[in-house]
Amino acid sequence: MNADPIIRLDDVSKAYGAFTVAEHLNLEVRRGEIVALLGQTGAGKSTILNMIMGTQPASSGSVRVIGHDPFAEFDKLRGKLAVSFQTDRLLPWRTAVENAELGLLILGLSKREARSRAATWLKRVRLEGADDKYVHELSGGMKQRVSLARALCVDPELVLLDESFSQLDHVTSQALRRDFAQVVREYHKTCLFVTHRIDDALEMADRVIVLAPGAGIALEETITPENRSDEAWLSRLHDRIADVMGGEEEDAPSA
Amino acid sequence: MAQQSSGLAADTAMTPKSTPTPQTRPFENIVPVAVVVALLIAAMQVGSYFLPPFVMPAPKAIFSATIEILHTEYRHIAITALRLLVATLFAMSFGVLLGIIMGMFPRIRPYLQSLVVIDTGIPALSWMLLAIFWFSQPEVRIFFILSVILVPFYALNVYDGIRALPRDWVDMIESFRPTRQHVLRYLILPHIVPYILTTTKAVIGYAVRMAIFAELVASAVGIGSRMSLAQSMFRIDQVLGWTVILVIANLLLQASINGIEKLLLKWRPEAEVR
Chain A
1 MNADPIIRLD
11 DVSKAYGAFT
21 VAEHLNLEVR
31 RGEIVALLGQ
41 TGAGKSTILN
51 MIMGTQPASS
61 GSVRVIGHDP
71 FAEFDKLRGK
81 LAVSFQTDRL
91 LPWRTAVENA
101 ELGLLILGLS
111 KREARSRAAT
121 WLKRVRLEGA
131 DDKYVHELSG
141 GMKQRVSLAR
151 ALCVDPELVL
161 LDESFSQLDH
171 VTSQALRRDF
181 AQVVREYHKT
191 CLFVTHRIDD
201 ALEMADRVIV
211 LAPGAGIALE
221 ETITPENRSD
231 EAWLSRLHDR
241 IADVMGGEEE
251 DAPSA
Chain B
1001 MAQQSSGLAA
1011 DTAMTPKSTP
1021 TPQTRPFENI
1031 VPVAVVVALL
1041 IAAMQVGSYF
1051 LPPFVMPAPK
1061 AIFSATIEIL
1071 HTEYRHIAIT
1081 ALRLLVATLF
1091 AMSFGVLLGI
1101 IMGMFPRIRP
1111 YLQSLVVIDT
1121 GIPALSWMLL
1131 AIFWFSQPEV
1141 RIFFILSVIL
1151 VPFYALNVYD
1161 GIRALPRDWV
1171 DMIESFRPTR
1181 QHVLRYLILP
1191 HIVPYILTTT
1201 KAVIGYAVRM
1211 AIFAELVASA
1221 VGIGSRMSLA
1231 QSMFRIDQVL
1241 GWTVILVIAN
1251 LLLQASINGI
1261 EKLLLKWRPE
1271 AEVR
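In order, the protein sequence lines correspond to chains A and B.
When you number the first sequence by our numbering, it's gap-free, plus one each residue, and the end is 255.
When you number the second sequence by our numbering, it's gap-free, plus one each residue, and the end is 1274.
In isolation and in its complexed conformation, chain B is listed as follows (with noise of 0.2 Å):
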């Protein structure tokens, strides 16, 4: 017994130093992002002195629109929002499918390859043109313009993902005789969550961006659609005041899905290269 407990007390004592938690350092990029916010002011304040106001507002001007479209906008802050979100889930989970579908079915991944890879290549342009054709609704137009642009990039990821699977790992598993729905269960679903995750925060800056200019072209509502009232009425300072709140919601996004990815990869251990 006293020869077992050394074999272990060998097994254990190359235990590897405990990982560093991934820790949260909040103050680690709000100092640059403050010193870069406060020279871009700057040059605005320095902007409007040489220029018109109906060229380059002055700062505080553009911080007054921001509050007054923060409270009596916010419906269309909410619409927009909610477009978002639901096209943007759609797009994840018929992505994923897709996905998986092409990594797990050899006969209909060229198909579906193919039909991914020609939607890459549509402009975005090209979509709102023929969403506005086709659909009578706007909902459905901006749900349909962000789902066909977003799909191919979370299909072409997760795709790559079952790609990646190490075959090591679908070795050990098969040594258990599972059927399809454990395979997928236990490994690939797992396996693809870093890649969703990639994905959306790849795509979701891009998404808002689309989704303004969806609303711009095919809706009366939403903010693109407010953007380009004021625009229409010279409203220069409310046009940089909706960038501001896009500008702010983009970062507050991308805080989101940073706080989504800690949680459900909380089994990554933090590489650092020096």
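Okay, chain A solo, but in the shape it has when bound (with noise of 0.2 Å):
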């Protein structure tokens, strides 16, 4: 694992005129890593994520994605980065195929090229046979493969996920789950995503962080590969980040 941190927040606050989200807040994300970012509501994941998106700046400090400025150099992460969100933000008129290779004709890559790209990224995310079906023609799940599918078939370095799978119920949100974190791995992408489930965050995350309102990081842990297939060290973690987070773990999507 290449240790350069793809994501580094360096002492960031984030204030909306009286109101602070995020204060003085350390972060690094390393090349390689899946890392889950759990908070009560209001704790700020949604502002962190929106100014690693590029989508609004810090008050103060400095957040670097890939070596740059994603508010200030918004163009410059143009192919390095993607997102998928709590919900699929599909375009009705297009079909799987046609969203899936959005980003690639965002990119510049031919008709050609882009289809070609998109359904064999279709099939990796285990969507087959669906290429040519409209939006209100898929599942929940199927909908949200297609969004996965169209984040990752721009060979990101760094996958974003804004609650991804908080909207599905739980045997297709386990299943995608799954499914993502394997290709994240496979792929060696850089992956941070925001949740409000603890078990997701145990099953999926090389390292967990959990921020409380007002005072950054709460708990930061890593999960080995060891530590992982250990349900009694699991469950102790479960615990300290449902402490952490004050029983706050909910399926509702976050502020």
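Rather than coming from a laboratory, the hints here were simulated on the basis of the structure.
Be a bit skeptical, because a hint or two may be false.
Below, a list of computed lysine-lysine pairs in the BS3-like style, where the Cα atoms sit at most 27 Å apart [claimed, not checked]:
id: 1; chain 1: A; residue 1: Lys111; chain 2: B; residue 2: Lys1060
id: 2; chain 1: B; residue 1: Lys1262; chain 2: A; residue 2: Lys133
id: 3; chain 1: A; residue 1: Lys133; chain 2: B; residue 2: Lys1060
On the chain B side, residues computed to face chain A include the following (Cβ under 8 Å) [as the list claims (entries may be wrong)]:
id: 4; residue: Ala1164
id: 5; residue: Asp1168
id: 6; residue: Met1172
id: 7; residue: Glu1174
The C-beta atom is built at its ideal place from N, Cα and C for all residues, glycine as well.
Reconstruct the complex from the two isolated chains, following the hints.
Following this line, the structure appears as structure tokens:
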């Protein structure tokens, strides 16, 4: 694993008027890591994700993503970063494969090459035979698979997930998480995902970061392959995270 | 792998039942239309017994006049149709462009919006009279009149469409760092297609009426001018014949637009409210 931080937040604060969402936050995500960002509602998870995406600037401090300021150097991250959102955000007038190829067309690939790569990625996320289906013909899980294929097929260095599995039922969510983690590890992607579900984080992440409102990072723990197979250890970590989150683990979307 | 397969099975098991493909039901509207037409013909027939022919000719006379018009006046029908087509296509293109500019350029928006709103407040008759003063060529007059009347409908509806664009879609496409052209091509243009079609459906009947009216006051050829001629010669059968042709033309136009809509919006599931 390369130790270069792909995301680096140095002393970052973010305030909306008098309301401070994040204060003096330091955070690093190394290349190849899968990091889960957990926290109570209002802990600032989505705000941090937005700053990393480059849709919002930090009020103070430095945000660097793959060596760039994602807000000031927005275009420099084209093709290097992809996002999968809480809802699938598929365009209803495009078929599954046309949705998946969207990022590639924006990157300037030819229609033929984009189509071929998108179809390959739909297969990788195990969505075969649905290429030509319109969005309304897909189930919730299938839509989210298309959304993940759309993010992954631009071959980004960094994948951001914003509660991507939280609106799916437990069985679908579990299958999708497992498939996604497998693909991310197989293709050596770096992933930061925001979630409310402790189980999601423990199942997928190499490291969990728990945020507390006004306190920044309240808990940070690395999950080694050995730890992942130790149920007692995972159970203790689950309880510690739940304590920090004040028992607020929920399926509802974050603020 | 077995576990993985079960996950996919769970996914696909939730696939929505295929939404019924929009079906053309050819007889669905024909029956009520036929009933209404039959009642109107019967009323005209009864009226013709009691009223003089220059007030209410018999349906047979109207039918003969319609056939006569179709045989001898088709050039005027073609001229009006061409005027309508050219002006509507121009108004659509220019109106969509204005709507897109209003939607994408906030600094220019207030000025364009004011211009469009002022335009909507000017009566069609004023435009017709001004066109007669300003332009000597009948084609230019009619093109101008139809354009200034139709452009605001397209501009305002397309602008409304852009305003209704879900923020989620904008955030999604922006996550790929697109150019403005990409956003226009992949998001805005496909999103506004239903708005353009709805506007066309809403204005086409109005556009036909305005074209006829404009021809009546500003041209010596076309359906409007021929209707004026028929009126001056007390040929009420011809006036009603032209009216029949216009009603049929309007129905055909609406059917054509519905066909185009079904083709372009095939991705849209049909929602039925019980």
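Status of each hint after checking the structure:
no.	hint	result
1	A:Lys111 with B:Lys1060	violated, 60 Å
2	B:Lys1262 with A:Lys133	holds, 17 Å
3	A:Lys133 with B:Lys1060	violated, 53 Å
4	Ala1164	violated, 14 Å
5	Asp1168	holds, 5 Å
6	Met1172	holds, 4 Å
7	Glu1174	holds, 7 Å
The structure shown violates the earlier hints numbered 1, 3, 4.
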